[in-house]
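Sequence positions in the sequence shown follow my numbering and run 1 to 185.
None of these hints come from the bench; they were simulated from the model. One should not assume that every hint holds.
Taking lysine to aspartate or glutamate pairs in the EDC-like style, the calculated list, with each CA pair at most 16 Å apart, reads [claimed, not checked]: (1) LYS152 - ASP119; (2) LYS24 - ASP14; (3) LYS46 - GLU12; (4) LYS86 - GLU171; (5) LYS86 - ASP131; (6) LYS108 - GLU6; (7) LYS46 - ASP119; (8) LYS46 - GLU23; (9) LYS46 - ASP151; (10) LYS86 - ASP132; (11) LYS10 - GLU23; (12) LYS115 - GLU141.
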Amino acid sequence: MVKWQEWPAKVENDLNVLLQSCEKVFICGLSMGGGTVLNVATRYSKQLAGIILVNPMIHVKLVPHQLAWVISRFQKMRDSVGDDIKRPGITEWGYDSLPAVGVHQLLKMLSYTRKRLHDVTAPLQLFHSVDDHTLPVSNTEIILAGVGSRDKNRIELVNSYHVATLDYDQEIIFENSRIFIQSHS
Numbered sequence: 001m002v003k004w005q006e007w008p009a010k011v012e013n014d015l016n017v018l019l020q021s022c023e024k025v026f027i028c029g030l031s032m033g034g035g036t037v038l039n040v041a042t043r044y045s046k047q048l049a050g051i052i053l054v055n056p057m058i059h060v061k062l063v064p065h066q067l068a069w070v071i072s073r074f075q076k077m078r079d080s081v082g083d084d085i086k087r088p089g090i091t092e093w094g095y096d097s098l099p100a101v102g103v104h105q106l107l108k109m110l111s112y113t114r115k116r117l118h119d120v121t122a123p124l125q126l127f128h129s130v131d132d133h134t135l136p137v138s139n140t141e142i143i144l145a146g147v148g149s150r151d152k153n154r155i156e157l158v159n160s161y162h163v164a165t166l167d168y169d170q171e172i173i174f175e176n177s178r179i180f181i182q183s184h185s
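Whenever a hint applies, use it, and build me the whole structure from the sequences.
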């Protein structure tokens, strides 16, 4: 079984390679990747030039990790989430189902990370879809209220669902990310 610590460890390994060869490093994450990036940023903020998050996950309403553990003992797989894209004809390829024990590990990572958000001090650009059907806006609010970054900005995406990088607002994300990176380089 994969433990939650393995996800940020992989990001940290790759980040350390980049830090050895690049003057400025930015890390980005979408959804669960946003939670993983925030976890890494709690330890690496001083080395980062900035963080870009798109519809990041930091909690799942009404499902504490302890409850997820109990559920994982009775239900081995659960339906996957995905394809929350407004633009017709665009598909996010993913799994049909997820191992419940993996969901438990994810929630443990997010709980651990939430308690340390104040350690995230790197500049932060956050994109949030107002019509995200996968994650509630409370994820964005918890992150912006919790991070220690003085330089933090939120851009609301009004024409995209959860997978905004494949949706109508993708150019807003790409252009504003470019501007953010240039202004912090």
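Here is how each hint holds up against the structure:
1. Between the alpha carbons of LYS152 and ASP119 the distance comes to roughly 14 Å, so the proposed pair stays at or under 16 Å and holds.
2. Of the pairs offered as hints, the one joining LYS24 and ASP14 holds, with about 14 Å between alpha carbons and a cut-off of 16 Å not exceeded.
3. With a C-alpha separation of about 14 Å, the suggested pairing of LYS46 with GLU12 holds against the 16 Å cut-off.
4. About 15 Å separates the Cα atoms of LYS86 and GLU171, which keeps this hinted pair within 16 Å; it holds.
5. With a C-alpha separation of about 9 Å, the suggested pair LYS86 and ASP131 falls inside the 16 Å cut-off, and the hint holds.
6. Taking the CA atoms of LYS108 and GLU6, the gap is about 12 Å. The hint holds against a cut of 16 Å.
7. Between LYS46 and ASP119, the direct Cα distance comes to roughly 10 Å. Compliance with the 16 Å bound is thereby established for this hinted pair.
8. The suggested pairing of LYS46 with GLU23 holds, with an alpha-carbon distance near 13 Å, which does not exceed 16 Å.
9. For the proposed pair LYS46 and ASP151, the alpha carbon gap of about 13 Å is at most 16 Å, so the pair holds.
10. Restraint check for LYS86 and ASP132: the C-alpha separation of about 10 Å stays at or below 16 Å, so the hint holds.
11. Between LYS10 and GLU23, the direct Cα distance comes to roughly 21 Å. Violation of the 16 Å bound is thereby established for this hinted pair.
12. For the given pair, LYS115 sits about 15 Å from GLU141 by alpha-carbon distance, which is consistent with the 16 Å threshold.
The structure is inconsistent with hint 11 alone, although it conforms to all the rest.
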